[in-house]
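There are 2 protein chains.
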Amino acid sequence: MSKSMRAIIAIVITLGIWFSPVPAGVKVQAWHLLALFVGTIVAFILQPLPNGATALISLVLAMLTKTLSISQGLSSFGNSTLWLIVAAFLFAKGFIKTGLGRRIAYMMTQAFGDSTLKLAYAFSLSDLIIAPATPSNTARAGGVLFPIVKSLCLSFNSEPGPTARKLGSFLMLSVFQANAITSAMFMTAMAANPLIAELAKKTFNIDISWGTWFLGAVVPGLIALFVVPYYLYKAYPPEIKHTPEAKDLARAELDKMGPASTAEKIMFGIFILALVLWATSSFTKLNATLVALLGICIMLITKVIDWSDVIEEKSAWDTLIWMGVVIGLAGFLAKFGFIAWLAKTVAVALKGISWITALVVLLLVYMYSHYGFASLTAHVTAMYAAFGAVAIAAGAPAYLVALALAYASNLCAGLTHFATGPAPIYFGAGYVDQPTWWKHGFVISVINMVIWVGIGGIWWKILGLW
Amino acid sequence: MSKSMRAIIAIVITLGIWFSPVPAGVKVQAWHLLALFVGTIVAFILQPLPNGATALISLVLAMLTKTLSISQGLSSFGNSTLWLIVAAFLFAKGFIKTGLGRRIAYMMTQAFGDSTLKLAYAFSLSDLIIAPATPSNTARAGGVLFPIVKSLCLSFNSEPGPTARKLGSFLMLSVFQANAITSAMFMTAMAANPLIAELAKKTFNIDISWGTWFLGAVVPGLIALFVVPYYLYKAYPPEIKHTPEAKDLARAELDKMGPASTAEKIMFGIFILALVLWATSSFTKLNATLVALLGICIMLITKVIDWSDVIEEKSAWDTLIWMGVVIGLAGFLAKFGFIAWLAKTVAVALKGISWITALVVLLLVYMYSHYGFASLTAHVTAMYAAFGAVAIAAGAPAYLVALALAYASNLCAGLTHFATGPAPIYFGAGYVDQPTWWKHGFVISVINMVIWVGIGGIWWKILGLW
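Chains as they are written, first to last, in numbering that gives the first Met the number 0: chain G, 0 to 465; chain H, 0 to 465.
It should be emphasised that the hints constitute simulated quantities derived from the structure, not laboratory data.
Any given hint might turn out to be false.
Pairs involving identical chains hold if they fit within one copy or between any two copies, as the list cannot separate such chains.
[Stated by the list, open to error] Lysine-lysine pairs mimicking DSBU-like chemistry, simulated, CA-CA at most 30 Å apart:
(1) K96 / K313
(2) K302 / K284
(3) K313 / K264
(4) K2 / K96
Construct all of the structure, not just a fragment, from the sequences and the given hints.
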């Protein structure tokens, strides 16, 4: 399909929604924003232009039509998650420039390097270990793991382009998808999880303790952490699979690298500092973005990276634009009341249906409505309480509802390349094209639903939650 | 002086202000912000690190010490003037990439090219012609003139670095300084000028019409437009001065370029569209940033520039960071009440002094307090009404006060490299180092004061304003 044809499809869909009758209860402004948002997503999939250009055009159209004011339209460029994403790209730069990333990558390879699948599991395990103590999933996947994953890909000469499929494509997608699962497993593994507990208490009078959350998640979570990388290994296989020689190669490379340089040691110190600050943020109340920016500042002061490294980090600026626009559009879609209207409409449509059917339908709608969100927190804020209340009103056991929706709030993170902070970072690395990202995102969401609702349902029955 | 010595000076000054007693009537938070702001400015001058790194460190310190919250600290990255500056860099990219900038530059050279000073006057004249119809001085100097100036420098092989002084340094500074003068000359030549008229009416009951404004400004304005480029020509001379062969060279180059390409024609169309939309913005109410972004979008759609041109435009991202931080720090300095306190303190100190002395002192404080502002609008909003009221209360003729402060509100734009939107653009081009920028900025502010208050004073007497 030619690029102009693809652009025309996106424009026709936008105009189709824009000029179709506005449902009762929806503001005209919200409806127009929906048209622009859907058009943007269609253009993201069809790619008539790079994402950044598409996003900029959508933003200009939103402001030109007064759907958003100038200050509303630009406000999301000051969003703190957006700057955490930018900072993660710069963190990765420090890892790569000092050679620390290569060193850690070779050490991982030395330990697990005889198979690519094992490497993916090693990363999932690393994520799982720090997850309970790192409430920002973006800091975890973007700040901690991404630089190492990227260094590992580079050390196997797998770069965006013809060599992407050697190792990088599989590993990027696998590590990203595992992060959604670890986020679901602990109340302290994702920023909005404590908010979920709070909403459950306030809205349905259900106390979810840290232990209850983990107990409900541990069985489906561990199964998913095993199954999802394996699915990707089969469905989206890396070209390099068995690497029996890799361990020796890694050992030789480590010998060649010799002892760590000063810059590398400083970078390691900054990394540990950031990890500790991210992990203790529940106590210190230090914002994850601030911690990341502090790390960047120390890198600049100690000359681990130069200012030119910062302004030449194209992927950071690319992501700043397109993710900034998506955060803005999605945010105002909720702010203008569209999401609340959608939740209410679904709720009304479900009246008089058995609770099991109602809960499954609600879970599916809740999960897949995340195609319209650029933030897990925004999704939870807009829909968790309403959907939970409807399910409980339909007769579903309250604990089951509270937990199932809580887990779904995290698992939906794998759907798109803008679903959550780590998504634009791993996508922005350039190893996976957009249709592939979305296709596997959808399949994995189904796998997760089967594991969490199917096996999880039995597990929760054993636990006596329903 | 070593870089660490320079850093220590900035740190000591910051700590000195931070820990010195907070004057009565100033919030502790505002005082701490002042310490960080002054420290940032000192570091901008001494350059222990590039401006972007300094700015990022200041921002992190402000958020780490809770002087600014995370959302306050990052909010200025959504500022609309900031994005107009970013857009101006991208506009210049389109000019240069298509060759349109070179063509216009050669045409200017063909017409005025036998002396560099004449070229500077030609740019001043171009600015003056569009000034009454282009209320955004950033759009005028950044969007319209900057791409042509930059192209002209490049076509004379004058680039940042060793060849900067050939032509670029003089021309950049001269065009920038002339913009401050044209801004002062028309009520419609700078965004905050209508606000000044509004404040004058509301606070001192003085009607400043478009005609009165211009009448008061025309004599000192034209003199300043003649004197300031000449001063720079003598004090900061370009290496290429007389270029009698330049006209022939330009003609030959134009012949060599042949007829305009499609991309060049499109770029010209976009330029004219932007110029018309900027010029008619008083009627259409179209925001200058929106117009600029619209232009960028058309460039992207028509492939005049690619998305990679956008994300590789380092100067845009450099400026986004340091100017974003400065706008934030300066904005909150006003929001936290520090500027209002400063105005009140000056007012109190001036009680019981003759009106001429009072007015001169007030004008000087008003003018040079702009070292603490990153926006003319912010300066006007914070100080115009208070300073005017004090001067009138001291017995100064109301019209004289209203107009003198109005002109000073624009002339202060030449002081720093962050004083107004065009400043970071011309400074960011890299032809003039920071000490030079500030030195000539200060000298020209004195020249302007002498012309506007001295000769202007006599002219206003003739007009019967006092």
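Review point. Quick check: which numbered hints come out false for this structure?
Key: none
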